[in-house]
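Q: These are the residues of each chain, in order.
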Amino acid sequence: MSSAPDTLDRPGEINARPVRHPGRWIAIAVLAVLAAMLISSFVTNAKWDWPFVWQVMKYKPVITGLLAGTILGTIGAMIIGVVLGVLLAIMRLTDNPVLKGASWLYIWFFRGIPRYVLLIVMSVGILYLYDTLTIGLPFLPVTFFTINVKTFSTGLFVGILALGLSEAAYMAEIARAGILSVDKGQDEAACALGMSKGLSMRRVILPQAMRVIVPPTGNETLSMVKDTSLLVAVPVTNEMFFQAQAVSQATYKVMPSLIAAVIWYLIVSTILGMGQSWLERHFGRGFGAQTSVQNDTRVKFLGLRGGGGN
Amino acid sequence: MSTQSESARPLVEAINVTKAFHGNEVLKGIDLHVNPGEVVCLLGPSGSGKTTFLRCINQLETINGGRIFVDGELMGYRDQGGQLYRLKDKEIAAQRREIGMVFQRFNLFPHRTALQNVMEAPVHVKRQKAATVRADALALLDRVGLADRANHYPSQLSGGQQQRVAIARALAMQPKLMLFDEPTSALDPELVGEVLLTMRELAEGGMTMIVVTHEIAFARDVADRVVFMDGGVVVEQGPSREIIARPQHERTKSFLRRILTEQDETPEAHPDAPDAGIPAHLRKHS
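Here the protein sequences come in this chain order: G and V. Sequence positions in the first sequence follow the numbering used here and run 1 to 310. Sequence positions in the second sequence follow the numbering used here and run 1 to 286.
With the rest of the complex left out, here is chain G:
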């Protein structure tokens, strides 16, 4: 009512005051006080011992543990998980009842076992049951080749395999949902162009399914980063959390050692999160996904300044 209308009778451009959001300002104030309290305790409480945290973070066994156990473990397990998971999803969606059943059985089995237990069972059990692995015809004296399990069964290899096999069961469901999300007309269009089922899956269906598959796969990858700390069950000693704990036990500085691990996990998660948003943009092309996401964040910030009227 403060701004007068234009000289003409017809209403002109709207110059309205935005809705006030006093709740937001109160929340900011409360959180700012809490954050200040936390930071002041970080600085004043000597038991945090930040210099020691930093020392543990760059301590060589912790770094190699981070590279081998945490990062290599995550990458290896996720590669096995995604490839096998997509394969299982495709098996589940074929008309072939045998493949369908096999896929269902696999998923049922590996989703039913805790990863910690699976890691122990696979590391201890496989070596106990089969010290050599012979590939041949069942019940017949025909062998193709023999593998000495001991040479393969280093802790990290078994650990990655176990985590990957477990992950595949979850990825299969994610991939299946992604494949089913693609419009049936896409496959028909591909078929009408003379594509075989496989080519249609590879060139048309999967690239579109990725848009649905990537976000939950990002979650799975983050979970995997954290689940590599379970590798201690194999046991894998060349793993970051195990090494950080070893430092804490040797020095009795428990919290600083653990905080070093926490910070490393946060750093790795942050980098992976950035990789995920890049992938989402890549597979979202043609869907106008990225612009809407950008607009959403902008709206949120504007809202905080009282500019957004939503």
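Pairs of lysine to any residue residues, derived as SDA-like cross-links and limited to a Cα-Cα distance of at most 20 Å, are as follows:
(1) V:88 <-> G:98
(2) G:197 <-> V:91
(3) V:90 <-> G:95
(4) V:90 <-> G:187
(5) G:184 <-> V:21
(6) G:58 <-> G:267
(7) G:100 <-> G:165
(8) V:90 <-> V:126
(9) V:88 <-> G:96
(10) G:58 <-> G:252
(11) V:90 <-> G:91
(12) G:184 <-> V:155
(13) V:90 <-> G:186
(14) G:197 <-> V:124
(15) G:197 <-> V:92
(16) G:100 <-> G:206
(17) V:90 <-> G:188
(18) V:88 <-> G:199
(19) G:197 <-> V:76
(20) V:90 <-> G:93
(21) G:197 <-> V:94
(22) G:60 <-> G:248
(23) V:88 <-> G:198
Partial list, derived from the structure: chain G residues whose beta carbon lies under 7 Å from chain V:
(24) 185
(25) 189
(26) 192
(27) 193
(28) 194
(29) 195
(30) 196
(31) 197
(32) 203
(33) 204
(34) 207
(35) 208
In short, the hints are calculated from the structure, not lab data. The structure displayed is predicted, hence computed values, not measured ones. Beta carbons are placed, not taken as given, at the ideal position from N, Cα and C, and that holds for glycine.
Take the given structure of chain G and dock chain V to it, following the hints.
A: What follows is chain V alone, placed relative to chain G:
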């Protein structure tokens, strides 16, 4: 126009085709011959089986009875001494390469640009060199009037533009036969004309076309023959002008009467108008 086909042999020959979905018989013995270079429109009320029949021709649906031959080749089966053997997935895919199809809802690949959509099949199905295909694809996009939209994604194009890209995509495989499944039914009324014009140019170029449509003006002016279907059978067929102007069968008469009042146009209104394929301002589009 395909050059190698002799005019004596029909390009498409459907004999007593039947199809049932879960016991519900949708096609009850369809016979249809389409000669090379001929344009045939399938007309009829929804549920008459015309779309299903079209989809049977390139085996998006498998038929329960009868035979369909395209260019003398039995579709979907190998006949060995009277015994039929189902073809493998790859062999069926090979048969489909000869047949282009345009869908009601376009079904462009949304993750690829217009140009990539057109190039997709020649490069990955025919395994031709990308550089040659690219030039051909650009020429095709130019032919449908979309050379300047080559690098747009389908979501950035209007419905009419998407459908024209879909036509170019089907043409890129150099098919002997083009199937159109209600190509303008999903379009806003003002976009119908540009798609019909593209199809008209294609027909004038000698392409053999089977078109399921509700566009009576297009059927009358562009098609050589119309086939009226109802309840899974061919009720009546003949030269397009004749059937639309003087339908013999009662069901054809009532269908045409109903659809022409909706399309606000009488069949004799402008029999020789050059723009007859372009719709009047009011037009049925579903």
